[in-house]
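Asks: Take a look at the letters that make up each chain.
Number of protein chains: 4
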Amino acid sequence: MSLPNKKYKASIIGASGYTGSEIARILVNHPFVSIEHITSETHAGKAFSDLHPQFVGILDLPLERAAEIDVEEQDVLFLALPHGVSMEFVRQWYGKTKLVDLSGDFRLSNATVYEDWYKKRHVYAEGFGKAVYGMPELHGEAIAQADLVANPGCYPTASILGLAPALAGELVHADSVIIDAKSGTTGAGVKASDTTHFSNVNENFRAYGIGNHRHTIEIEEQLGLIQGNRCQVQFTPHLLPVDRGILATAYASLAKDVSEEQVVAAYKTFYREQPFIRFRKQAPSLKDVRGSNYCDIFIHIDPRTKRLIVVSAIDNLVKGAAGQAVHNMNLMLGLEQAVGLDQVPMKP
Amino acid sequence: MSLPNKKYKASIIGASGYTGSEIARILVNHPFVSIEHITSETHAGKAFSDLHPQFVGILDLPLERAAEIDVEEQDVLFLALPHGVSMEFVRQWYGKTKLVDLSGDFRLSNATVYEDWYKKRHVYAEGFGKAVYGMPELHGEAIAQADLVANPGCYPTASILGLAPALAGELVHADSVIIDAKSGTTGAGVKASDTTHFSNVNENFRAYGIGNHRHTIEIEEQLGLIQGNRCQVQFTPHLLPVDRGILATAYASLAKDVSEEQVVAAYKTFYREQPFIRFRKQAPSLKDVRGSNYCDIFIHIDPRTKRLIVVSAIDNLVKGAAGQAVHNMNLMLGLEQAVGLDQVPMKP
Amino acid sequence: MSLPNKKYKASIIGASGYTGSEIARILVNHPFVSIEHITSETHAGKAFSDLHPQFVGILDLPLERAAEIDVEEQDVLFLALPHGVSMEFVRQWYGKTKLVDLSGDFRLSNATVYEDWYKKRHVYAEGFGKAVYGMPELHGEAIAQADLVANPGCYPTASILGLAPALAGELVHADSVIIDAKSGTTGAGVKASDTTHFSNVNENFRAYGIGNHRHTIEIEEQLGLIQGNRCQVQFTPHLLPVDRGILATAYASLAKDVSEEQVVAAYKTFYREQPFIRFRKQAPSLKDVRGSNYCDIFIHIDPRTKRLIVVSAIDNLVKGAAGQAVHNMNLMLGLEQAVGLDQVPMKP
Amino acid sequence: MSLPNKKYKASIIGASGYTGSEIARILVNHPFVSIEHITSETHAGKAFSDLHPQFVGILDLPLERAAEIDVEEQDVLFLALPHGVSMEFVRQWYGKTKLVDLSGDFRLSNATVYEDWYKKRHVYAEGFGKAVYGMPELHGEAIAQADLVANPGCYPTASILGLAPALAGELVHADSVIIDAKSGTTGAGVKASDTTHFSNVNENFRAYGIGNHRHTIEIEEQLGLIQGNRCQVQFTPHLLPVDRGILATAYASLAKDVSEEQVVAAYKTFYREQPFIRFRKQAPSLKDVRGSNYCDIFIHIDPRTKRLIVVSAIDNLVKGAAGQAVHNMNLMLGLEQAVGLDQVPMKP
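Residue numbers (my numbering), protein chains in the order written: chain A, 185 to 532; chain B, 185 to 532; chain C, 185 to 532; chain D, 185 to 532.
Heads up, a few of these hints could be off.
Any copy will do: because identical chains look the same in the list, a pair fits if it lies in one copy or spans two.
Lysine-lysine pairs mimicking DSSO-like chemistry, simulated, CA-CA at most 30 Å apart [said to hold, decoys possible]:
| no. | residue 1 | residue 2 |
| --- | --- | --- |
| 1 | Lys490 | Lys304 |
| 2 | Lys375 | Lys465 |
| 3 | Lys230 | Lys191 |
| 4 | Lys304 | Lys190 |
| 5 | Lys230 | Lys465 |
| 6 | Lys191 | Lys304 |
Derived from the structure by calculation, the hints contain no laboratory data.
Next up, chain A with everything else stripped away, as it sits in the complex (with noise of 0.2 Å):
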């Protein structure tokens, strides 16, 4: 693979959000590629660093409105917007350049589903058959010929990639699966709200979305995909008090009589090459990824109750979001899919 020998045009839509700010953080230091346009509606004319004063000095390119923007002329839009609002904007500038989209709005398999599981009508439907889920693990070439990607829910990139060799290779039960997953506040994003007011989350933990949360359905299609058929999963979200990370604790019944350490071994073939995940001896905790773009994952088999268990960490907004955003990037403009991304986890 050779080098390019120019600075493809990346434009950020939706510039308030965490996500937001965080594909800035990672594309400000990317080699290959330069932020062209950021917009945001409503702070349209302030600079992005009155928004997110950390990047003063570092990009204060000014905020404009979406519609300022000559689509055409960008190499990648990145959708940092929220469900609901991004298939709008898909539907409008589909074709026109290569989009990753964070929402919620394609990641699933059609219309009905979404509508199903997301309460809200989908103004695009014919979206679904063209977004590929923008998960490289697992959809590394059809994301390099895309023109849009779907990037996975936070919790699913967790769940997902602890779960999909286990699946893969029939080793587990697939309507035994239970995830407890647990997430960071940042997950319920930049607005402030009863639910991320401080004095809610700090010193505190609680269960939420239990047996209703969306990201259930999410998991249960890719994991479905990879099985082979349909799969259904418990899924229950905890909310910690900490700002970034998703820890998830899968436990299934063992399908066959298999050691950990075969169970390893088909877990490092399945994921072979891939930068992004490392094995880890003991159970990883969420400030060993904090930051960066990987994915950690630990295998236990339980010999007295012939579970196999998995703890799968990630940082949500990086691995989980816009790490995994550019990561697609990366793949859908040709380039290494690991440049940009060695932000070494920040610990402590």
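On the provided structure of chain A, position chains B, C and D as indicated by the hints.
Replies: Showing chains B, C and D alone in chain A's frame:
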């Protein structure tokens, strides 16, 4: 029940840890009990409030050596000592006064099981036959007659209270039980260690003791007693970046076709007249019970997966240790069981 | 002082905020007071415990509208309302029952100063003449006679208690006073905002209101009263990533050649028989007073710089709000001043 | 400045601490430097990533003993060792290669002052004459010529950068300077202790070292150099419940009648062309600089009190330690001073 016309004499053996100071926090305002002695082998001579400055002006009692206490003069002793240390004192003092042991030394059924899971020789195997497992909701009458109460572990308290009615009513398959539990760091004790080093815990989260934590057997034995035969559970503890609290998310496959309402009704019947069990319409958070002796329980039936999901929340230092110990003491002394335990949860 | 043979009737006006729920946390266990009514204009009809689920089973009183309360039937009303809202109720209810106002509406000397610092028109200027500044350590006798008590601000409570004896004894130059104060986020209220958004506070720290925070004038006026003439202080608040607590570090140049022992002695004389002032041999930390009505004070004389340094710590919601309000109520009702305020600091 | 056509060889002496791992985090992506050796006397033989699992797959270098390093083969050595240990290595290695010492052993003017404040005998008094104080904004040219750089303390970095221009311009009275500083816990090191025990820090806050912290003399000496004569400051550190960051709030009485604009202009002139000083229009927060080498500065003139208030914020592990060390290395090796230090602050 008539009010006592005297103050009972209570002493705390082991002052430096969190359970010791938490018993003091509760007893100092108990209307029918006075704190007579507090011991510490390493800090004897200092004031209790030198070790725990929050007690300056409230409880400045000098710390004594355990050997200096006239045990028979006390109405009750709280042993707030590490596992392995407590058994020696129990051997020596059993029968001389009422003992509430907060260590794990007498929680299990016999010395063989203990030595298997605790990896430690037991010096007082006879104690197992004498000790009553101090969970008032299950063993209230036996506790009232006991000379030695083994105060339950913190994880087992949340786990067992969350599942006991389901197993008693044979609502779920016993071998399907998975308990994904999360605890604040005070569960790891007062002693500085890598495990409790601020930057290792803060903004972090991890699983530990996967498949082999010793609270597993305590839960299995107690649930087995309720269920009527051996019960095998999957128990995974996690370390939360908070001081206090345990939240247990328990999963079990339904054994019967029951509605959520029926399950809630069965739970309410099981725990009728229990002052510290609260049923919640929404999943509880740790702060809803912080500093108090409540165990908040939320029940959900997932119609898709035919599973019961129970979320239970306690303060590990109160309901999971010192509060439950005082509750046991009240029963042992013939006092109204909730007296002195009216701490309102501290939120925010 | 004889014990009351009845329960006094107290009502809380404004239930949704932290001061409202904290007053309830204290009063629910007060031996001589019953909570009669709790009001909320926006949540009337719900139970108090719907808003504050930590009170489930403890205080499930229905929320009422303020207009529904028969004010004259109450022995005392706590106004836990925002600045600017409270003044209307005080105007309407003054003289009908005893009022403890937790807002800032009557803390200053007159309406002109108020309007200057609060940037808000005052509708009840006469109230300033009627209100007593409710700091029991300074104005206990006047409080006992008052019909309207203006409960002090949280920062002023820590600041004034830390400096009053030094100014009373003319130990320091009044115009040299610098107060660098740090507060937990509950001081910013229960309402979700960017200021209190978890990821804006957590792992973060900042100064705000530099040179113009309105607690400045409250401190200046009260210290001026003690000092005998106008006092100008430098006050800088900071936002800590904790729920509760204020720690004020105050600096002042010595006006006399005094030893640390002499200063400590002067402080102890000034605060003799005050039940909630604790002198500490080491600098206090927030958790030493958390959840309690104590103000812990540490005094240091720096021989190099000839400065007095005072560190004072309170729980902003207790000593800085609800606890001080109940203390004021006790004085107003002729009760023993510390009754119902025996909460032991919650540490850890 | 032409780009180097080779990679310089850097080694890190002392791998277990936070400064060691933080230097590695920066150097691993430095375009012109390779990490040759990392040493640890206690962990020799293990991989660096065994100690710091965030580096798994990134930096798995085996840890060596310091004695095994061929010092003269290295272009630069970073000494990430405790005070008192570092001086021995400096004595042994001075002149053999370029040394950046991150301990406090050579920051002061001479051994007498050192022994007075550090309460420790110094074994290499000649080193003081050879060491350059490694603050690039003040001593860039001397650093470029130095064989031994004493990397500044974390508190002094924030404090001196915040005040240097005011003292250089004689804008304030030197003896009026008060620095109220607040630091995250990583400043206390990687070693578990009561000071860094989670429940002692979390939800807590306290002052320490009042009047006698050894960073006081470091600040006084450096400000004295700028000012032209002895400078006496009041310095009070506090412990924040966060991992990283120092925020210093400095107060000084104005010596001249200057406007805020004039002071800001003087600061900008003083720091012109300095890549890591950022002037802020609002008071900075710790997260604005977290993980980066920036020092954010906010200037306020209080017209009421005639004081200058400066708030400065740094990441104590980067600008206050490892980042400043790499900055010094860049200068010593003749590289562009900001190269490899393009880490964007990690927020949220």
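Asks: Does each hint hold? Answer for all of them.
Replies: Going through the hints against the structure:
For the homomeric pair Lys490 and Lys304, the shortest alpha-carbon distance between copies (27 Å) is at most 30 Å, but the shortest distance inside one copy (41 Å) is not. In this assembly of identical chains, the alpha carbons of Lys375 and Lys465 lie at most 30 Å apart only when taken from different copies (23 Å versus 38 Å within one copy). For a Cα distance limit of 30 Å, the shortest separation of Lys230 from Lys191 inside one copy, 26 Å, qualifies, whereas the shortest one across copies, 41 Å, does not. In this assembly of identical chains, the alpha carbons of Lys304 and Lys190 never lie at most 30 Å apart, being 41 Å within a copy and 58 Å across copies at closest.
In the homo-oligomer, the alpha carbons of Lys230 and Lys465 lie at most 30 Å apart only across protomers (14 Å), although the nearest pairing inside one protomer, at 48 Å, exceeds that limit. Taking the shortest Cα distances, Lys191 and Lys304 never come within 30 Å of each other, neither inside one copy (38 Å) nor across copies (55 Å).
Of the numbered hints given earlier, the model fails hints 4, 6; all others are met.
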